[in-house]
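Chemist: Take a look at the letters that make up each chain.
2 protein chains.
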Amino acid sequence: MSDVAIGVDVGGTKALALMVARDGRVLGEMKSQTPHDEGFGAGEATTKVLVEQVNELCERQGLVPAQVPVGLGLPGMMRRDGHLAFAPNLQTASGADLGAQLSEALRNSSVFSENDANCAALAEHEWGAGRGIGDFVMVTLGTGIGGGVIADGQLVRGRSGFAGEIGHMVVQARGAACPCGGHGCWERYASGGGLHRMTREAALDGRLATLVDRSGGDPRHVRAEDVTAAAAEGLVEAVTLLREVGWWLALGLANLAAILDCGHFVIGGGLSSASELVLPAAREYLVDLVEGYDTRPTITVTTSMFGPRSGAMGATLVAFEGA
Amino acid sequence: MSDVAIGVDVGGTKALALMVARDGRVLGEMKSQTPHDEGFGAGEATTKVLVEQVNELCERQGLVPAQVPVGLGLPGMMRRDGHLAFAPNLQTASGADLGAQLSEALRNSSVFSENDANCAALAEHEWGAGRGIGDFVMVTLGTGIGGGVIADGQLVRGRSGFAGEIGHMVVQARGAACPCGGHGCWERYASGGGLHRMTREAALDGRLATLVDRSGGDPRHVRAEDVTAAAAEGLVEAVTLLREVGWWLALGLANLAAILDCGHFVIGGGLSSASELVLPAAREYLVDLVEGYDTRPTITVTTSMFGPRSGAMGATLVAFEGA
Numbered sequence: 001m002s003d004v005a006i007g008v009d010v011g012g013t014k015a016l017a018l019m020v021a022r023d024g025r026v027l028g029e030m031k032s033q034t035p036h037d038e039g040f041g042a043g044e045a046t047t048k049v050l051v052e053q054v055n056e057l058c059e060r061q062g063l064v065p066a067q068v069p070v071g072l073g074l075p076g077m078m079r080r081d082g083h084l085a086f087a088p089n090l091q092t093a094s095g096a097d098l099g100a101q102l103s104e105a106l107r108n109s110s111v112f113s114e115n116d117a118n119c120a121a122l123a124e125h126e127w128g129a130g131r132g133i134g135d136f137v138m139v140t141l142g143t144g145i146g147g148g149v150i151a152d153g154q155l156v157r158g159r160s161g162f163a164g165e166i167g168h169m170v171v172q173a174r175g176a177a178c179p180c181g182g183h184g185c186w187e188r189y190a191s192g193g194g195l196h197r198m199t200r201e202a203a204l205d206g207r208l209a210t211l212v213d214r215s216g217g218d219p220r221h222v223r224a225e226d227v228t229a230a231a232a233e234g235l236v237e238a239v240t241l242l243r244e245v246g247w248w249l250a251l252g253l254a255n256l257a258a259i260l261d262c263g264h265f266v267i268g269g270g271l272s273s274a275s276e277l278v279l280p281a282a283r284e285y286l287v288d289l290v291e292g293y294d295t296r297p298t299i300t301v302t303t304s305m306f307g308p309r310s311g312a313m314g315a316t317l318v319a320f321e322g323a
Numbered sequence: 001m002s003d004v005a006i007g008v009d010v011g012g013t014k015a016l017a018l019m020v021a022r023d024g025r026v027l028g029e030m031k032s033q034t035p036h037d038e039g040f041g042a043g044e045a046t047t048k049v050l051v052e053q054v055n056e057l058c059e060r061q062g063l064v065p066a067q068v069p070v071g072l073g074l075p076g077m078m079r080r081d082g083h084l085a086f087a088p089n090l091q092t093a094s095g096a097d098l099g100a101q102l103s104e105a106l107r108n109s110s111v112f113s114e115n116d117a118n119c120a121a122l123a124e125h126e127w128g129a130g131r132g133i134g135d136f137v138m139v140t141l142g143t144g145i146g147g148g149v150i151a152d153g154q155l156v157r158g159r160s161g162f163a164g165e166i167g168h169m170v171v172q173a174r175g176a177a178c179p180c181g182g183h184g185c186w187e188r189y190a191s192g193g194g195l196h197r198m199t200r201e202a203a204l205d206g207r208l209a210t211l212v213d214r215s216g217g218d219p220r221h222v223r224a225e226d227v228t229a230a231a232a233e234g235l236v237e238a239v240t241l242l243r244e245v246g247w248w249l250a251l252g253l254a255n256l257a258a259i260l261d262c263g264h265f266v267i268g269g270g271l272s273s274a275s276e277l278v279l280p281a282a283r284e285y286l287v288d289l290v291e292g293y294d295t296r297p298t299i300t301v302t303t304s305m306f307g308p309r310s311g312a313m314g315a316t317l318v319a320f321e322g323a
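As you go down the protein sequences, you meet chains A and B in turn.
When the count follows the working numbering, it moves up by one through the first sequence with no breaks and lands on 323 for the last residue.
When the count follows the working numbering, it moves up by one through the second sequence with no breaks and lands on 323 for the last residue.
Don't read these hints as lab results, they were simulated from the structure.
Among the hints, erroneous ones may be present.
Unchecked claim - Interface residues of chain B toward chain A, partial, derived using beta-carbon atoms under 8 Å:
| id | residue |
| --- | --- |
| 1 | VAL149 |
| 2 | ALA254 |
| 3 | ALA258 |
What the hints assert, rightly or not - Label-pair distances were calculated between CB atoms; the ranges are:
| id | chain 1 | residue 1 | chain 2 | residue 2 | range |
| --- | --- | --- | --- | --- | --- |
| 4 | A | VAL236 | B | VAL236 | 30 to 40 Å |
| 5 | B | GLN154 | A | SER32 | 34 to 44 Å |
| 6 | A | ARG200 | B | LYS31 | 35 to 45 Å |
| 7 | B | GLY206 | A | PHE40 | 53 to 63 Å |
| 8 | B | PRO280 | A | ASP23 | 27 to 37 Å |
| 9 | B | GLY181 | A | GLY270 | 31 to 41 Å |
| 10 | A | VAL236 | B | GLU104 | 34 to 44 Å |
| 11 | A | ASP288 | B | PRO280 | 29 to 39 Å |
| 12 | B | GLU104 | A | GLY181 | 50 to 60 Å |
| 13 | A | ARG200 | B | THR298 | 36 to 46 Å |
| 14 | B | GLU284 | A | THR210 | 43 to 53 Å |
| 15 | B | THR298 | A | SER109 | 46 to 56 Å |
| 16 | B | TYR293 | A | GLY270 | 22 to 32 Å |
| 17 | A | GLU201 | B | GLY206 | 26 to 36 Å |
Each residue gets a CB set at the ideal place from its N, CA and C atoms; glycine is no exception.
One chain only, chain A, in its complex shape (with noise of 0.2 Å):
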């Protein structure tokens, strides 16, 4: 078995590559822009970034790069083949399988890909904020909300390996138009990009006098940055929005209880900025939200350990596993 793991969160905007220790520790380090260049076969400009940050961590520690596993931890419904089935963040490579271009190109037979919330799991389950717990969930909220369920100590794959799209249960039947085709899905609301829209819907109905004030009298120059950015200063219109998006967030972890059972979420991805008001608002409504919450032992909420590199950690134990 190998002693070190390179591992690579595949981004929508950038490509984090880590070189870990079995024990986890991060030996060497590489953030690129990942590439939407079309013209090319699917995932093919892809792979070449892959193939420039496997080669230059590889030569910082002496290494050979057809010897070392990889991971790839990808942004999309991943097949159990391999396969990027569904990217809307990066679709070049949709249909691609980026595993195997990345393991011809370098002649290494030890090249791994499994979804990128998956690999959060993954990481905060072996050594980080899941440690020791057999059933939790990894919610990651960026742009959409991604998810890693593990229960009873494995990672929830599915028949195809699609499992953990939890961003696209509905929770508002016939609710917010949702770029995947659906309606009232739980990331509209509960992300990044819910914050966003909500921000827009709360400035147009004049939920946020202050901020369209701030901005100039347009409701829509108020940005979710400005929302966060004045709750973290107490403005109440601004605090009670975030905590909307918390008791949002609170919903589908409540779901996620209900039908799982799991009795911890770890809380990872880009919305982590607005997490010091949303998360407190969340742990609050849990509790009429949870079925029978009384009969249960308590269900924590924490951010993850890693944060952003979650991904690329954990893409490092997928890569571990296989090899």
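Use these hints to put chain B onto chain A, whose structure you have.
Modeler: Frame of chain A, contents of chain B only:
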């Protein structure tokens, strides 16, 4: 290992006991009224009936009640330690450890308990409509909606044994009030109780004009059974209402497919009289409601093989497994 076991599905109105061989053959059956006598200790009246059933079934086969493993399928949140933590339909046994009571009364050390819908999932997985399928969800449509989740061939029990409370997944935030204290729970829309509620609403707001006429002009006299019967005859307003129940059913199934990537649903429980109309509608609506439907293998929805016997059949598996 014993080659026969007894399983009892203890419902809110009836307790169905089966004696079953390891290969699934039913060797004996006994149905009793579930007692709701108060003035006894929690679960005592229920235990008395269970003792009678086990004794009777054993006597018929010439077996000793202390030596046949017994499984109980119980209607509510079952803790892993055997206590029935929360049982709205069997309140006189709420908080009791019926398994321990029965074990003591029979001097039988092999008595085991599990949630009833989890039992049904186990039965369908071992012998029925989920045989050989690694990822499926058992959905029991009765007054409410119960569930049992099989992931990668294993029953998901969750931290305390409460997993599968799928009927309390909220699909309509701030929606219809639910006896659990929540609002907008799936079971308020897609169960027998949901049909009842939606019948009342539709009758009151003029969408069941023919049935209101037939019932003597008072909208409050139209029953869910009238809708089911009229739909079977093709009455459009009734068919429309049952198709709406099918839409809500599909919505919840789509949520479960997103979270768990289960490829199959087994539908059981007492709403089966309506299932000839509800299930085809649900299958049709699933295509639009499941995220990335086209990128997944076909998702199938079938009725349970054992119908009202699923729970008791599965309870015998809990007994076989535990003994």
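Chemist: Does each hint hold? Answer for all of them.
Modeler: The hints, checked one at a time:
The beta carbon of B:VAL149 comes within 7 Å of a beta carbon in chain A, closer than 8 Å, and the hint placing it at the interface holds. Because the smallest distance between the Cβ of B:ALA254 and any Cβ of chain A comes to about 7 Å, under 8 Å, the interface hint for this residue holds. Taking 8 Å as the C-beta cut-off, the interface hint given for B:ALA258 holds, the closest approach to chain A being about 4 Å. At roughly 51 Å, the beta-carbon separation of A:VAL236 and B:VAL236 lies outside the given 30 to 40 Å, and the hint is violated.
Restraint check, B:GLN154 to A:SER32: a C-beta distance of roughly 39 Å satisfies the suggested window 34 to 44 Å. Between A:ARG200 and B:LYS31, the C-beta spacing of about 58 Å breaks the proposed range 35 to 45 Å. Under the hint 53 to 63 Å, the C-beta atoms of B:GLY206 and A:PHE40, about 59 Å apart, fit the expected range. At roughly 55 Å, the beta-carbon separation of B:PRO280 and A:ASP23 lies outside the given 27 to 37 Å, and the hint is violated.
Taking 31 to 41 Å as the suggested C-beta distance range, the pair B:GLY181 and A:GLY270 conforms, at roughly 34 Å. Checked against the given bound of 34 to 44 Å, the beta carbons of A:VAL236 and B:GLU104, roughly 59 Å apart, lie outside it. The supplied range of 29 to 39 Å is met by A:ASP288 and B:PRO280, whose beta-carbon atoms lie about 37 Å from each other. Between B:GLU104 and A:GLY181 the beta carbon distance is about 56 Å. The supplied range of 50 to 60 Å therefore holds.
At about 38 Å, the CB distance of A:ARG200 to B:THR298 agrees with the hint of 36 to 46 Å. At roughly 48 Å, the beta-carbon separation of B:GLU284 and A:THR210 lies within the given 43 to 53 Å, and the hint holds. One distance hint, 46 to 56 Å for the beta-carbon pair B:THR298 and A:SER109, is violated here, with the actual separation near 33 Å. The beta-carbon spacing between B:TYR293 and A:GLY270, approximately 28 Å, falls within the hinted interval of 22 to 32 Å.
About 32 Å separates the C-beta atoms of A:GLU201 and B:GLY206, a value consistent with the hinted range of 26 to 36 Å.
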